[in-house]
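Residue 1 is where the sequence shown starts when you use our numbering, and the numbers rise one by one after that.
Hints are computed from structural coordinates only; laboratory data are not their basis. Backbone N, C-alpha and C fix where the C-beta goes; we use that ideal spot for every residue, glycine too. Among the hints, erroneous ones may be present.
[Stated by the list, open to error] Below, a list of computed lysine-lysine pairs in the DSBU-like style, where the Cα atoms sit at most 30 Å apart:
1) 24 to 40
2) 460 to 424
3) 52 to 381
4) 44 to 116
5) 29 to 114
6) 473 to 521
7) 7 to 29
8) 185 to 24
9) 424 to 545
10) 44 to 460
11) 255 to 44
12) 255 to 24
13) 438 to 424
[Unchecked claim] Between beta-carbon pairs, the in silico distance windows are:
14) 97 to 239: 46 to 52 Å
15) 262 to 97: 55 to 61 Å
16) 517 to 218: 42 to 48 Å
17) 389 to 362: 39 to 45 Å
18) 239 to 464: 34 to 40 Å
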Amino acid sequence: MDIRQKKVLLLGGWGLVGTAVLHKLNEYKPSTVIILSLLKSEAKDACDAMEKLYPNVEFIPEWGNIFVRESLKNLSRTILLEQEETRQQLLVDNLETFTDDILEHSFLYQLISKHKPHIIIDSINTSTALAYQDVYDSYFNLKTAIQDERGSIPKADVEKLLTTLYIPQIIRHIQILHQSMVNNKTGIYIKIGTTGTGGMGLNIPYTHSEEKPSRVLLSKSSLAGAHTMLLFLMGRTPGGPICKEVKPAAAIAWKSIGHDEIKKHGKPIRLYDCPPDQAETITSKFRKSGQQNWVDLNENLKSVYIDTGENGIFSSGEFETITAVGQMEFVTPEEIAENVILEILGDSTGHDIINGLDNSIMGPTYRAGYMRHQAMEQLEKLKQVHESESVAFEILGPPRLSKLLYEAHLLNKICGDLKCITIKDSQELQEKAEKFVKENEKFRSHALSIGIPILMGDGKTFLRGPEVKIPTKHESGSMDITQNQLNQWADGGWIDLRINNLIRWSDRVEQIIDWVESLPKQDTSSQYVHGSQYWDLDQPLNIGKVVAWIFMNEDQGIRFKR
Numbered sequence: 001m002d003i004r005q006k007k008v009l010l011l012g013g014w015g016l017v018g019t020a021v022l023h024k025l026n027e028y029k030p031s032t033v034i035i036l037s038l039l040k041s042e043a044k045d046a047c048d049a050m051e052k053l054y055p056n057v058e059f060i061p062e063w064g065n066i067f068v069r070e071s072l073k074n075l076s077r078t079i080l081l082e083q084e085e086t087r088q089q090l091l092v093d094n095l096e097t098f099t100d101d102i103l104e105h106s107f108l109y110q111l112i113s114k115h116k117p118h119i120i121i122d123s124i125n126t127s128t129a130l131a132y133q134d135v136y137d138s139y140f141n142l143k144t145a146i147q148d149e150r151g152s153i154p155k156a157d158v159e160k161l162l163t164t165l166y167i168p169q170i171i172r173h174i175q176i177l178h179q180s181m182v183n184n185k186t187g188i189y190i191k192i193g194t195t196g197t198g199g200m201g202l203n204i205p206y207t208h209s210e211e212k213p214s215r216v217l218l219s220k221s222s223l224a225g226a227h228t229m230l231l232f233l234m235g236r237t238p239g240g241p242i243c244k245e246v247k248p249a250a251a252i253a254w255k256s257i258g259h260d261e262i263k264k265h266g267k268p269i270r271l272y273d274c275p276p277d278q279a280e281t282i283t284s285k286f287r288k289s290g291q292q293n294w295v296d297l298n299e300n301l302k303s304v305y306i307d308t309g310e311n312g313i314f315s316s317g318e319f320e321t322i323t324a325v326g327q328m329e330f331v332t333p334e335e336i337a338e339n340v341i342l343e344i345l346g347d348s349t350g351h352d353i354i355n356g357l358d359n360s361i362m363g364p365t366y367r368a369g370y371m372r373h374q375a376m377e378q379l380e381k382l383k384q385v386h387e388s389e390s391v392a393f394e395i396l397g398p399p400r401l402s403k404l405l406y407e408a409h410l411l412n413k414i415c416g417d418l419k420c421i422t423i424k425d426s427q428e429l430q431e432k433a434e435k436f437v438k439e440n441e442k443f444r445s446h447a448l449s450i451g452i453p454i455l456m457g458d459g460k461t462f463l464r465g466p467e468v469k470i471p472t473k474h475e476s477g478s479m480d481i482t483q484n485q486l487n488q489w490a491d492g493g494w495i496d497l498r499i500n501n502l503i504r505w506s507d508r509v510e511q512i513i514d515w516v517e518s519l520p521k522q523d524t525s526s527q528y529v530h531g532s533q534y535w536d537l538d539q540p541l542n543i544g545k546v547v548a549w550i551f552m553n554e555d556q557g558i559r560f561k562r
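Using the sequences and the hints, build the whole thing.
Next comes the structure, spelled out in structure tokens:
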């Protein structure tokens, strides 16, 4: 994509890599760059610095936490967890069903909707931001209460544990990100990711004061991998932006070198001393609080440092160790920025991991396609021998698939072919469908036994077995039924005999027939995968073909990469 006169949103623009990206980006003269950082001061400082260097570009500061809703974006993690109202809001936003309300109140959605960027560059260290919430620490806070059968587990601690679960957070983030970009027609999204270990393996010697390899560090790597796979899926979704990820596998350095007060988490490190004559005696127990025999020296630690941006301030010894050949080594932010910009411009740097996955995965094969025909033939023969319908078992998972297959099977039984469905009056179609269901125990029992209820034509009565797939097991055991809710259940996993649903089926079939009949009769080329020979309108309705058409056209669920 051409960057000139485009609007660019840079997530994490104050950081080390973000700053390098800004310098490289502005060589290509975008019209506007929105710089987002966690803190207002960071975003404004980054904009001020860039305005001095690139006066012909408009810089707009934005700030806040993109992983929460807009009303919570400026609150610290500590405050979010300590307040019951905000803590429970986090649970709803990350663990409940993804709704328009969750999407529209998300800060990320509002940010993208406000600016409608053509390009989004994401240099936030997402894996660190989420994985370092540390689910293990939350577990240890609950451990005593869990082990004590007589004790009660504090509700707030349980809620805090649930808010640290990484996978629900990254899934919700991707759902919001993707829908925001689709709604606002973002052209390209490029992520600057991480391996979590600076390119090292399970033998990485750096820990967080626990076992080696550090489970906290491996959590970061696990999340980084999950993040990449979700971006891989996003890149294979029609209608969305071009999706890329550059994943440095080394330490990233550096921002500055100097001598000053050393700060940790924004606070100076206080200097203390413990005179030898005040030494504590080792006993059978160690108390973290100690005997407090230390002396406050009333000054803060000052030293020579190298600032590696988001990775923190390192001493000379630390930097020399981790960047040694055979350790993490390092890559400069400018090299990362160069690859990011080249990927946006369409060059193949060889460092887009999404493209690498696309090119290295095993996709559908010729052999499988050739043998599919044999499998279908064998299935059809066995169905005839055993007088078995073999419609759906609900083992594959999606109740909507089972519901659609059974509805298509029902129409096949009462009509026989596609054209018949469009010829019959909808009232007659409904009467025949309901009559078939009432008279055919085998049809009823197979559907009901796999958890697919049958909603009768009156919309007030339904048939069911002991298990019902929709509503899901996560919903409460008893709930009020509204018309809207009933419609959602019927669409998601109930065989629906109401007249509106049969009219909907008639419309679907009419679209298929119209499309097939619109094809040029003289065209015998390979242009149409699902052409007139595929449908063969004179043959009985094929339930698998029809439901696949619904998923590809009505549900927009088509695979477009092979």
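Pairwise hint evaluation, residue 116 against residue 44, where the allowed Cα distance is 30 Å at most: Holds: residue 44 and residue 116 sit about 20 Å apart, inside 30 Å.
Proposed proximity, residue 40 with residue 24 (alpha carbon, max 30 Å): holds (23 Å)
Restraint check for residue 185 with residue 24, where alpha carbons must lie at most 30 Å apart: Given pair residue 185, residue 24 holds - Cα atoms ~24 Å apart, limit 30 Å.
Residue 424 paired with residue 545 [C-alpha distance capped at 30 Å]: Holds. Residue 424 to residue 545 sits at ~21 Å (cutoff 30 Å).
Residue 255 paired with residue 24 [C-alpha distance capped at 30 Å]: holds (15 Å)
Outcome for the supplied range 34 to 40 Å, where the beta carbon pair is residue 239 and residue 464: holds (37 Å)
30 Å limit on alpha-carbon distance, applied to hinted pair residue 52 and residue 381: Answer violated: residue 52 to residue 381 is near 76 Å, above 30 Å.
Status of the given 42 to 48 Å range, CB of residue 218 versus CB of residue 517: violated (58 Å)
Restraint check for residue 460 with residue 424, where alpha carbons must lie at most 30 Å apart: holds (25 Å)
Agreement of residue 29 and residue 114 with the hint, judged by alpha carbon distance not exceeding 30 Å: holds (21 Å)
Cβ separation of residue 262 and residue 97, checked against the hinted range 55 to 61 Å: violated (46 Å)
Outcome for the supplied range 39 to 45 Å, where the beta carbon pair is residue 389 and residue 362: violated (33 Å)
The earlier numbered hints that this structure contradicts are 3, 6, 10, 14, 15, 16 and 17.
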